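Chain residues, written in single-letter form:
Protein chains: 2
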Amino acid sequence: MKTTDKLKNKFKDQLFISVGLDTDIRKIPNHLLSGNNPVLNFNKTIIENTYEKAAAYKINFAFYERNGAEGIKTLEDTLKYIPGNLTIIADAKRGDIGNTAEMYAKAIFDQFNCDAVTLHPYMGFDSIKPFLNYSDKLSYILGLTSNAGAADFEKLKLANGKFLYQEVIDKIIEWNKFNNLGVVFGATNLEELNQNLEKLKNLPVLLPGIGAQGGNLEEIIRLFKINKISDFLINISRGLIYADNSIDFGKKISEKLDEFNNRIQNILNN
Amino acid sequence: MKTTDKLKNKFKDQLFISVGLDTDIRKIPNHLLSGNNPVLNFNKTIIENTYEKAAAYKINFAFYERNGAEGIKTLEDTLKYIPGNLTIIADAKRGDIGNTAEMYAKAIFDQFNCDAVTLHPYMGFDSIKPFLNYSDKLSYILGLTSNAGAADFEKLKLANGKFLYQEVIDKIIEWNKFNNLGVVFGATNLEELNQNLEKLKNLPVLLPGIGAQGGNLEEIIRLFKINKISDFLINISRGLIYADNSIDFGKKISEKLDEFNNRIQNILNN
Chain A
206 MKTTDKLKNK FKDQLFISVG LDTDIRKIPN HLLSGNNPVL NFNKTIIENT
256 YEKAAAYKIN FAFYERNGAE GIKTLEDTLK YIPGNLTIIA DAKRGDIGNT
306 AEMYAKAIFD QFNCDAVTLH PYMGFDSIKP FLNYSDKLSY ILGLTSNAGA
356 ADFEKLKLAN GKFLYQEVID KIIEWNKFNN LGVVFGATNL EELNQNLEKL
406 KNLPVLLPGI GAQGGNLEEI IRLFKINKIS DFLINISRGL IYADNSIDFG
456 KKISEKLDEF NNRIQNILNN
Chain B
206 MKTTDKLKNK FKDQLFISVG LDTDIRKIPN HLLSGNNPVL NFNKTIIENT
256 YEKAAAYKIN FAFYERNGAE GIKTLEDTLK YIPGNLTIIA DAKRGDIGNT
306 AEMYAKAIFD QFNCDAVTLH PYMGFDSIKP FLNYSDKLSY ILGLTSNAGA
356 ADFEKLKLAN GKFLYQEVID KIIEWNKFNN LGVVFGATNL EELNQNLEKL
406 KNLPVLLPGI GAQGGNLEEI IRLFKINKIS DFLINISRGL IYADNSIDFG
456 KKISEKLDEF NNRIQNILNN
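Residue numbers (our numbering), protein chains in the order written: chain A, 206 to 475; chain B, 206 to 475.
These are computed hints drawn from the structure, not numbers from a lab.
For chains that are exact copies, the list does not tell them apart, and a pair is met inside one copy or across any two.
Below 27 Å or equal to it, Euclidean Cα-Cα: the simulated BS3-like pairs (lysine-lysine) are: (1) LYS285 <-> LYS456; (2) LYS433 <-> LYS207; (3) LYS285 <-> LYS311; (4) LYS217 <-> LYS404; (5) LYS376 <-> LYS362; (6) LYS430 <-> LYS367; (7) LYS232 <-> LYS311; (8) LYS232 <-> LYS334; (9) LYS457 <-> LYS249; (10) LYS360 <-> LYS376; (11) LYS376 <-> LYS207; (12) LYS360 <-> LYS404; (13) LYS311 <-> LYS278; (14) LYS207 <-> LYS430; (15) LYS215 <-> LYS404; (16) LYS311 <-> LYS207; (17) LYS249 <-> LYS311; (18) LYS433 <-> LYS215; (19) LYS258 <-> LYS457; (20) LYS278 <-> LYS249; (21) LYS360 <-> LYS334; (22) LYS404 <-> LYS362.
Everything numeric in this text was worked out from a predicted model, so none of it was measured.
This is chain A alone, in the form it adopts within the complex:
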């Protein structure tokens, strides 16, 4: 199924949360450590307890690459537990010249069979094009990120009067002939979110920065509701998957996800 259709089905059910599997062995419940492949077992439990109420899973490749080939095997095995009606976002933030970008696209869409990816815009159109050619998939390009370093380059003012991240978003819209491009916009940038709603209306938006990074969930949902923006994913990683360390962590995380969903739905429905 086309990624945008998978997502639409979830949005219809008012499910907007992407569960971020940034799994760090130093942070998972202790009782898992004595077993075989603790990271895989942790992910499996999280998925089993959240797949009916999540819209997507975002796999942060760094946390798997950190363990080399073995880590990538755990990533591959994790993906097998995710039901096909959920969107798998490869949070890989790749970006390279054309022939290399083609290899990254094959890795993410053909080899790992992910539904979506995150990409760096810095190297321009030919670094995006090989991903664009997968018309059923979805590529979220970094616009304005959630970290402090966003100020270093992304928020620089250009000679044309726009900020760099705004120029990037304009280019994404221009390049989006197949309706398979989206934008990453950090939830910590509430003011900029407010100022760029007209642009963001035209693209799927992936919002990291809620939870551990301090973005304000209610404010964002309110803004999107008022402005009729409905194609968005709120990613929560650390603020969700490490919510509990007990033997029952799966159930607790399921309840925590209910809480997030309720907070979103309360605003949308009232």
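Fit chain B to the given chain A structure using the hints.
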């Protein structure tokens, strides 16, 4: 050994070429395809025939990720063939928020034990910092790249009068407290190279774009010679490793590398 010291030893011997292992199974000699792990055998032959006259190897991660865990295993096995006095550059072009960048840095420097890495600047200082903390390693940050897409964002004029890539280079210089940062500058940008020599004097420079991409080797070496820039690596990937398809491809590629070295040394010594 500190990466910059490894490189200095090679520069003293007038060896400036980084051999790019962008190994694509569709392009390697046919006779390898019937054997076990053709990509690994190809890499092994290339390394055995070039390690005495190369300054570094640049491993393009995309070409290994393309085959998932198995591909990463081939990458790991390839690295074992590279002698310790040669610099291994992880051409991974990573870039993410702090806690994720930390995982990428661990992957590249601790797990794969590479000596250097390529990084995206877009997300700013905190996406670079975890790499910076490895004071013995070297991180080449993208400045101006060799592809057409460099025009989309990198060459945009900022309100402060600089081009974005120039602002990036200035920041790299500012952040380079431990002398372990460098810059990627595409060899296809001869005019910009000429205009930014004063900045580039302050940083190790990695130059892709010679060979398949059409950068002019002689012109660049001449510029660097005149301006006393000696901390640079010229990367050649496709223009070298696919130079021959015969059973003797190792020997032919060794001769091809001699040719490149001679072209550089002829200019430096005359």
